[in-house]
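Asker: Listed below are the residues making up each chain.
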Amino acid sequence: MSLPHDSAHTHVTGESEFVDDRPKLHNELFVDVFYSTRAHATIKNIDFTEVLNCPKVVAVFTGRDVHHNLWGTIFKDQPVLAVDKVQFAGEPIALIVAETMEAAQRAKQKVIIEYVDLDSVLTIDEAKKVKSFIGDRRKIERGHVDEEMKKAPHQLNGKILIQGHDHFYLESQVTIAYPLEDGQIEIHSSSQHPTETQHVVAHALGLPDKDVVCQVKRMGGGFGGKESQSAPFAAMAALAAQKLKRPVRLCLTKDDDMIMTGKRNPFENLYHVGFDNQGRILALDFELYSDGGAYADLSTSIMERAMLHSDNAYYLPNMRVTGQVCKTNHHPHTAFRGFGGPKGVATIEKVIEEIAHKLNLDPLEVRKINLYSDKDNRNVTHYGQLFKNNCLERLHTDLEKKCDYKNRRLEIKKYNQEDHHFIRGMSLTSVKFGISFTTRFLNQANALVIVHNDGSLQIATGATEMGQGVNARISQMVTSELGLSRDAARVMPTRTDKNANTSPTAASSGTDLNGAAALLAVRKIKKRLSELAFRLLDVPKEKWASKTAGIGTQEEIVLSTPNLDVNDPNEGADWNSGKATYFEMQFEDGWVFHPDHLDKKIEFKYLVLEAYLNRISLSDYSFYRIPGIEFNKLTGHGDAFLYFTQGTACTEVSLNKDTGEVKVLRCDILMDLGRPVNHDLDIGQVTGAFIQGLGWVTTENLVYNDQGYLLSHAPSTYKIPSVQDVPRTFNVELLENDENFMNVRGTKAVGEPPLLLAISAWTAINNALTYLPRYKTSYPEIKIPATNERVLRAISPEKFQVWDQ
Amino acid sequence: MRNKIIFYLNGKRQEVGSDHAGMMLADYLRYEKNLTGTKIVCSEGDCGACSVLRFFPNAQGTDIQNYQPINSCITVVANLDGSSLVTVDALKEKTELHVAQKAMVQCHGSQCGFCTPGFVIALTGLVEEKLAKQETSINPQEAKNCMTGNLCRCTGYKPILDAALTMDLKEAESVKARFFSEHQSEVLNEAFKTGVALESDDFSYSAPKTIKAALDYLAANPDARIVGATTDLGVVHNKRKITLTKLLSLHLIPELYEMKIKDSTVTIGARVTLTEFRHLIKDKCPELANYLDVFASPQIKNIATVVGNIANASPIGDTPPALLALDATVLINGSSEVPLSKFFLGYRKTALAAGEIITGIKFNLPKEHSDFRLYKNANRKDLDISAINLAIHVEWNNDNKETIKEITIASGGVAATPLRFIRTEDFLKKNFDIEAAVKILHSEFKPLSDVRASAAYRHILIENFFRRFFVECGGVK
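Residue numbers (this note's numbering), protein chains in the order written: chain A, 1123 to 1927; chain B, 753 to 1229.
This is chain A alone, in the form it adopts within the complex (with noise of 0.2 Å):
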């Protein structure tokens, strides 16, 4: 049985503290954000005389009272506060503070403001047009595409659009910045990235990094969107507080959150492909274009994971990946789940559905014909990384059997030939997701480990709790090497005068890293709990110095070793306990013994009062690397990720032929997540990945006027899946797998690659499309999402023609 969340018991009554949940205090004051409403312009005049003749209304803050006002995680572009031009429709240009949110809120409709409209680019093909890019044309080469291409019995050209996708986390971004003595700033933020808002805000403050702190306690939800967009919301608060040295609290409303902040990155790209007439592809050719945004926030790095997830599951000899970031007046696009790997995925999985359709194959024959495999050195990536520990293979023959696909399929194409008002479809897709920060140094964590005197532990790291259940497993990994219960150890709020110059809490890989750091600390001190226990076998029980009013009758215990000098949390580690086994003694049950010695088993908390008494450190701090990362990205050539988390999903939806409203029947998904260290945690990661998936292929649509102003801005029109999308049959089962030997505990991350499963959904709308008359010879064109309408214009494209006029 799997532990429940650790927190799962405060969040049902309530009492789990988010940081709006903090009491008000008597002086704090709310900040609102004033932004653009236009997508290019220059300020011409902006006048806050009425806003401050409000009721309750402090002061107004802009960009000249910033120290720094620019930041950005990659590169420095983006103003906190936009002064003279702002650049995209939400550009926040202005802090109204007021003794009341409400107070703020109404204050802020009394700015007056005169823009003068530049040029705006709103599009990627208007940015192509004009140039406006974001970093160089990026490019991963193999083989020879141009000659295999033109040698190629079969190609197929096309192009896949994909729009953005709102993350809706369900707590807006919020901060609470407390102003200290001597001119220091506390942070209370919803942030997956505790040290870069502490830095942002010290730099926006004209701070050294000494004199701010961020806390994170938990956020109501992450998924990317507040790995580097919290930060400038953090600045804000700061701001405020540093100048009118009172609390600032800033809690965006949902319709400004979603107006303001960026969303996951519109692609569109382009695709040649050359196969043969099993659909075994020879030569693939991708362009990849994403769009970026008004700023470059993380998009650059984004687009490298799209074009290293380019191939998903798939050995192709012949590949050239191109990506180029463009620039437009939209909101700085950012991490979200899959971060670009998504975009990749989707392309080559439409590009294997339309080769199946034009070969009159079943695409699952196709998937079959071209996936990695260990035979023939079909084993080697694009970016000339070996793929250790496939289980591809076994995970589509066991999916393919589980789900019944075969009987299905042949029930579908005879359902379709009938008379129905609905038509269905099916698709089998699989993940093969690469884990590591493709940027090398952000590979590095740190943790604390505190045991106090009464044995109970303390965890500190630089992960942060956005529901994932990272902390959960810290804590069971760290208790369970001393052999203790979870409730013995409480993880603690992340800090960063706890843990500096960590990394942000993304690509699924909080638990690697800060897990990977927290056992290393934890065994340093069990390596001296185990030493002073083993010691202890020969001293009498009398003699202890807990036995003595803490002095001992016999010489302090000097340990000959107090320190372990082990780097990787596997090395020396069962496999199956997940426990180091180069200790003396054995910690099982809150109890240290010897195996030669059963009957001098001392109980784990008197241990730590006689390590105590014997001035034995009970905390330590380490650090950890992944190693083995060598990607370099001039050449596109190299080992960007240890290890791969692989999965599949068969999903069967039903189209409705008058509407276009899409309904999920059924989905399968088998996932490799080699050794789980709490199952269950890691199926509601699998659960919650697909279905906010399906709603990026289905429902959410990211519609903007032509200032590229978000008027989708609320769940009352931006409509991501509820309960009754959930598919009527939705199996989730995981691989068994014991032959992953990388990873802390040889465990998998599972936070993103699961949300890549839900492609399936959108091949399978496809693959009921190419069952009308009308797609016998072509291939339906529908964006990501497709919507009702989308589809309905898909199947009834005639009609469409008549009343678009």
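Where hints are given, some of them may not hold.
On the chain A side, residues computed to face chain B include the following (Cβ under 10 Å) [unchecked claim]:
(1) P1126
(2) A1130
(3) E1139
(4) E1224
(5) R1228
(6) R1259
(7) R1340
(8) G1589
(9) S1682
(10) P1684
(11) N1685
(12) L1686
(13) V1808
(14) G1810
(15) F1852
(16) W1925
Calculated pairs, DSS-like style, for lysine-lysine (alpha carbon to alpha carbon, straight line, at most 30 Å) [stated by the list, open to error]:
(17) A:K1339 with B:K785
(18) A:K1146 with B:K785
(19) B:K885 with B:K1034
(20) B:K896 with A:K1524
Calculated from the structure, these hints are not laboratory results. Here a beta-carbon is modelled for each residue, glycine too, at the ideal position from N, C-alpha and C.
Put chain B on the given structure of chain A with help from the hints.
Answerer: Just chain B, lined up with the frame of chain A:
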């Protein structure tokens, strides 16, 4: 007259005057009462994170007598006069979790925890309903329906559905038994007997006891807004587009809770909620009941009124087309009547004159030899504002369904008001020719393109549903 509203919060009596009565309940709970378990996400009643349980014991017309979830973010505190509320913060009894909470923990129903309190309230509401009906099991559809008004972005809902299905109803203690004491009942009954008048510089609220008193108040205060449940005005207020400063509530007028079916005529008062309405007609008009299932959320329907959905005059309201197709009548001031077909005059403009109050609505159930069907399309099937909706009611001349005696066709989302397709109706009565009728149908409306649908999509949907109707009812051979 009372100058305080009275309600119970987690078993404790609250008296609130004009200082806080104009706040939204969610803000009041979080910032005045430090009950921060209730979360605010969308402030528009679309996510359920702010759900609390409410019981209004004086809704006399109905036999639903239990705590139900509502959205606290769009409910003005003043409107809770006479209610008994329970929030998530109070559900745990000493150290013992409520069965809904227990199941959520066991089934991993919470991840980030932000939507969790709302789901716990939705599940607790289902438990209350089950206990009231003395039922001991929950089926998957009931589980889904009870949480249609709650959004979760982490779990994919599956673990929450598992939780709903594993709740142990035998072990469950009723919230009503725990929180609704005899004394509380007496206090709220007593309070119901007296009108309310709150008055301050920036907020006034009047809740008279009789229709006449309400009309008098309105005559003297023509700028007052009549509020039902503020499920719409609360949203507009939260988006800071209006300020709710002067409100008239009809919740203390007993006859407005009337709901009855007599000789196939359904009459409901202005205070009847959508949930109560569904309960009333579910056996007599299952088509309408089913349609109400894909309309809004339980939280909205548990407090919002049918009359409110009419008075609001939204062109995309979900009940107007259905009621237009049933040729409903709007009851005004308790004394006069206006056919609904003459009620909607323009965008959000109705035939209700200044100083008038809608006191109820009545309509006849579909007759024998008739077909009545309702269609709705939205981007997401459940809890989504319609792109369009269509209601068709046909009375055939005989069972062969070859000619039409009477027909009403009404739609939403295609014009500035809910629309009747009069010319199509007239044509079909004379010539039952679908192809020709489709052409007329299209000529009767000119929809807009907006965030929900293009004009073309709206045209095609109306046509397809129109055709579908005649296929489904067997009118097309």
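Asker: For each hint, tell me whether it holds in the structure or not.
Answerer: Hints versus structure:
{"no.": "1", "hint": "P1126", "result": "holds (5 Å)"}
{"no.": "2", "hint": "A1130", "result": "holds (4 Å)"}
{"no.": "3", "hint": "E1139", "result": "holds (8 Å)"}
{"no.": "4", "hint": "E1224", "result": "holds (8 Å)"}
{"no.": "5", "hint": "R1228", "result": "holds (6 Å)"}
{"no.": "6", "hint": "R1259", "result": "violated (35 Å)"}
{"no.": "7", "hint": "R1340", "result": "holds (7 Å)"}
{"no.": "8", "hint": "G1589", "result": "holds (3 Å)"}
{"no.": "9", "hint": "S1682", "result": "violated (45 Å)"}
{"no.": "10", "hint": "P1684", "result": "violated (40 Å)"}
{"no.": "11", "hint": "N1685", "result": "violated (38 Å)"}
{"no.": "12", "hint": "L1686", "result": "violated (34 Å)"}
{"no.": "13", "hint": "V1808", "result": "holds (8 Å)"}
{"no.": "14", "hint": "G1810", "result": "holds (4 Å)"}
{"no.": "15", "hint": "F1852", "result": "holds (6 Å)"}
{"no.": "16", "hint": "W1925", "result": "holds (3 Å)"}
{"no.": "17", "hint": "A:K1339 with B:K785", "result": "holds (23 Å)"}
{"no.": "18", "hint": "A:K1146 with B:K785", "result": "holds (12 Å)"}
{"no.": "19", "hint": "B:K885 with B:K1034", "result": "holds (16 Å)"}
{"no.": "20", "hint": "B:K896 with A:K1524", "result": "holds (26 Å)"}
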